[in-house]
Amino acid sequence: MSWAWFHRFASPPYFYSLTLRLAPWLGWPAGLLIVGGLYGGLVLAPPDYQQSDAFRIVYVHAPAAWVSLMSYSLMAFAAAVGLIWRMKVAHAVAAACAPVGASITAVCLVTGMLWGQPMWGTYWAWDPRLVFELVLLFFFLGYMGLRSAIDDVSRADRASAVLAVVGVVNVPIVHFSVTWWNSLHQAPSVMRMQEAAMPASMLVPLLMSFLGFTLYFYAVMLVRARAEVLRRDRGGSWVRDVLAARGKAA
Amino acid sequence: MIREPSALHAAAQILRRDLKLAFRRPGEWLQPVAFFLIVTMLFPLALDPELSRLRQLAPGALWVAALLASILAIEFLFREDGRDGTLEQYALSGHSFAWLLLAKTAAHWLLTGLPLAIAAPLAALGLGAPAAALPGILAALLLGSVSLSLLGAIGAGLTLGIRRGGALLSLLVLPLAIPTLVFGARATQLAIQGDSLAGPLYLLAALGVFGLTLAPLAAAAAVRISLE
Amino acid sequence: MREFLDMSGYAAYVWPSVGLTLAVLLANVYWARRLVRSAQAEARRRLASGAQS
Amino acid sequence: MLEVSGLHVWRGERHVLKGLSVQLAAGQALQLLWPNGAGKTSLLRAIAGLLPVEAGQVRWRGQDTEADPLTFCRDLAYLGHDLALKGDLTAGENLRYSLALRGRVAPADIDAALATVGLTAVQEQLVRRLSAGQQRRVALARLTLWDARLWLLDEPAANLDAAGQALVVAAIEAHAAAGGVAVIATHQPLALSTGVSSLWRSPGEPP
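Top to bottom, those sequences are chains A, B, C and D. With this note's numbering, the residue at position 74 of the first sequence is 74, and numbering never jumps. With this note's numbering, the residue at position 155 of the second sequence is 155, and numbering never jumps. With this note's numbering, the residue at position 3 of the third sequence is 3, and numbering never jumps. With this note's numbering, the residue at position 79 of the fourth sequence is 79, and numbering never jumps.
The hints are simulated quantities; they were obtained by calculation from the structure and are not laboratory data. Some clues are possibly wrong.
Partner residues are not named here, just some residues of chain B that face chain A (Cβ under 10 Å, in silico) [stated by the list, open to error]:
{"hint": "1", "residue": "G155"}
{"hint": "2", "residue": "P179"}
{"hint": "3", "residue": "Q189"}
The beta-carbon is built from N, C-alpha and C at its ideal position, and this holds for glycine as well.
Isolated chain A (complex conformation) (with noise of 0.2 Å):
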């Protein structure tokens, strides 16, 4: 009984009209916490005593720094699952978390290297963060380079859930080796907000942004994953009635 609403999770019928009624559900909500965050932070939190404004890029920076770890983790959780039970639902989610996770990796590291050019004096420090950010983009890509290198769709799902697995297994080494590193190298100091006093004119919009943007990956992803789904059906009928839903709402 404790596992019927895993079954019923892993059949492709339900997981897609399931996102279909769950992405809108994130999508908005995500859309209205980003804008408010971004409002909130932008504008009404007073400036940073030692950053002044250009603390402000953390609204940005440090959800997408959350989202690309989330993702990443989610990624191979799914893959792991998809592998052990062969639930191609699951490896459609993994399928479906890369190109949304590698994106928004992207776009931690750009942001902290425009916070680190005022802050440093220079756009690249070797900061243990923004290396790990690095090297996370690079597991992303190597994910979907090896995905596109197989035709076969059910090989590509396991090859790629073997690697997803290996990467997320070695990600806490690669982040010890990192700091390690870092510690005996005293690179610039670390992009770092003063946690024990910070404002809530500052902290709430902080926060509003983070549940937006993991909301909205949450959302993205599950589109894509729908999109994955159909890919990797393999002529039930439900795709028909599906199919034929959509062109009488059209």
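Following the hints, put chains B, C and D in place on chain A, whose structure we already have.
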């Protein structure tokens, strides 16, 4: 015929077979070592031949060259056996596939990782390392090349059967090799400075043990998928 | 307003960051929808060819 | 002994095997004479466990082969398109190393098997110097030494002359007489005795 499907015997035979094959074609496994030596030779030519300054760059130059050489070599780990059906027979041999691939990887390490580690002190001398540092450098490369071979086995398994998979292989393996590079270069640096390099050597050994336990499983899964 | 846009001299860093982020977010939505459309078209094509055979 | 039931296999977008079922008892050989592209190789590889099965089951001695693949593999000999022979090793060395995976074999047995397939004269030559037909014969010698109960053979008579084909037929007959099972993909029927072998001409019409 006495039926005795001992896993150890099977692995030993794979190891012997791969070594015998390699010795019939010595050119193939000597190439990565030659590549390694050439790349390390390029650094003084491109930068500055003054030994005191070279010494600072030596750890990085050695490890980047070693990393590239082992990536170059690992591409051939499964390719021939994948093409001629040997890997299929391994998969159907009734032994753990991961175990047999570990034996293959071990043979590969003996043919590329070990010569690389032995050549490294030589290259290090050319980069201005003092003689006292050479044992430490040898130890660091011995330990590090184990992880590199194991990580490479995963990448080689994933890209087996992909045409022009070489560039993809580096894209997959190099990010995974970052910890090995960091710890290995640090160990080399400490060795050159004459300090104790026990810390990074332990870390390298830990990476090697971790890789030994998990990488063959991942490589076996990857090769199986590639063989379909 | 001008003061706000100037970001006390950091406008060249803050606004590109925000602009790039929003652009990527919107582009992702667009790509995702396009992917769904192409997957649907592909599925239709497959259904049509399946019905003939 | 071998039961295949409701086997569905996909290769990429192609639904190659659509719910195949077949049963073979001890001492039986099945020749697949399907047209090209109908999935002969896919069936052999799916039985061996090299191809993932979308639906259906392969049972060997009543056991689902996926439940314990290692035990199943010890009973299995698969001879594919690629012979898994190393060009840089001699015929004898090739046999020695590949048989080492299955257990220990006396060198005399290897010599005898190579003599049976008529390769004594070239035993010490590197395999890459042998002709395609001679290489097939080496693989055939390995097959007989393998001591497997289930043979999956993909075009075993390819590149072989009449004498070589007779060797293949004799090997299969001996295998069946010893209670073995064989599934053979071939485009030309082998001259096996009718008591042993059944023909399967297309996936649509079971034997």
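Going through the hints against the structure:
{"no.": "1", "hint": "G155", "in the structure": "9 Å, holds"}
{"no.": "2", "hint": "P179", "in the structure": "4 Å, holds"}
{"no.": "3", "hint": "Q189", "in the structure": "9 Å, holds"}
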